[in-house]
Structures are given as C-alpha cells and as structure tokens.
Amino acid sequence: ITAAAHVVGAHVVYISTDYVFDGTKTSPYVEADVPNPTSVYGESKLAGERALGATDAIVRIAWVSGYHGANMVKTILRLRNEPQLRFVNDQIGNPTFADDAAAMIVRLAVEKRPGIWHITNQGVASWFEFAREVLLAAGQDANKVLPIATSELQPPRPAKRPANSVLHNGALLAAGIKPLADYREALQRLERRLVEDLRNEAQFAHCGDATAVRDGNACALLPAMLQRVETEVGEPSDVAIRSVDAEDAAHG
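Residues in the sequence shown are numbered from 1 upward in steps of one, following the numbering used here.
Nothing false has been slipped in among the hints.
Straight-line C-alpha distance at most 16 Å; calculated EDC-like pairs for lysine to aspartate or glutamate: (1) Lys25 with Asp90; (2) Lys160 with Asp90; (3) Lys144 with Glu82; (4) Lys160 with Asp22; (5) Lys112 with Asp56; (6) Lys160 with Glu43; (7) Lys144 with Glu129.
Please keep in mind that the hints were generated in silico from the structure rather than gathered at the bench.
Let the hints inform the model, and build the full structure from the sequences given.
Next comes the structure, spelled out in structure tokens:
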C-alpha cells in the first residue's frame, strides 16, 4: 500500500499503538522513544511503522472507546447494575475517544504532515480509575469498583500488556496544534449517546408481548437496531445486552 501510494503521490497516515512500547518507562512515552514491543500485536504494528517512508505519518493512539463497536465504556455501562466490579490498577494510559482522534487524524492527513504523532485525549488513569469515571459520569455508584493487580487476573492473560501506556503529545505541541480535550469531557459526550441507546433498549424490551401492539411503530424498528449491533460488534446481537466478565473487559 505504501509503495502504491508513493507512486501516485498520496500521503500515507498509518494508525499505530502504544503496544509498540514495553511499558517499563516511568514517565510518558514521547514520539522519539525507542520502541520495544512485547507482544505479537505490538511487533506487527512496529513492522508497519518501519515500512513507511520519510514523508508519511505514523499516528499512535491508545485505550480507544467510541460510539461504534464494542469497547470499555459500553462494557462498564452494561455491568453498571452488578454489585461489584474489579479492574486492574497497575496499568495506566490515556483514555482516548474515537471521534476526537479521528478529527485530528483527518487534519494531519489533509495537511500532509509527516513524522510520528501521539494522538490521545488528555488525562491519565488506570483501568480501575477509568471504570470509576465511567460510572460517575452515568450517575452510578463508583464505589462498587474495586482495584486489583494484573497478577491477580484469573486466568492470566496470554499476551503481556504495557504497564505504562501514557503517550506524550509532544509533536502536536511542537507544531502549535492544540491536543485533544481531557478524556472526561469526551466521556460525558459519549455517555449521553449511549445512555439514550440504553433507554431505547428498555423501550424495545417488551416487543413481542401484549403492549407491543400499542407501541407498534417503535417495535418495528427493533430488527434494524439488532442488525446494526451485529454489524458493528461482529457478533450475535445478544452481546449488546448480556453481562461479560469485567476482568476481560478491562483488557479489550
């Protein structure tokens, strides 16, 4: 793809990840830090980075959530009525939201800016702290979230996750570009949309019983809604409403 783009003079923007780093650094990773991936995923993304030319752009993002597809925020909201949730407190990063990141990526592409760019929302949190923020933004009890260590996860995770995924947005600052907003601001915006969807789920829950006759127009939309969920999540539509293990959710 890169070779073909260069033939026609197209600017390549490659989406990479915090997983190109090993997570052992005690301060945020800057664009110039030497990558050292510890997983096959990280190795494959780094190989992609090294396939690019000097005029192309590498955009590293991390801890992404958004309106479409399965992600951490949706999982936590689905589990909001559970009596207790457990999330790891020894992995930290920048929770980042797809719409904010996409807008910045488009800008870099349109302006044909080369080099390595770290694009994340501002603010640092552990998965434990992020889960609390999600519940707080939804008006739920954040005290039900308990911290655990990665070593306590059962079964142990097959791929090592970076303990430190914090990416400093130094290239943006050097270019005079304002970084993305604090993640809490983006989280509240996303949750307003997702909570409205949850209300719609409750509205459609009675479809098929006697009250469905009264709300026939709403229930007629249910098949299309389920089809949209299947398309976005890539699994049968019941994944949108069933509970999943919180520890698995904490690791994507």
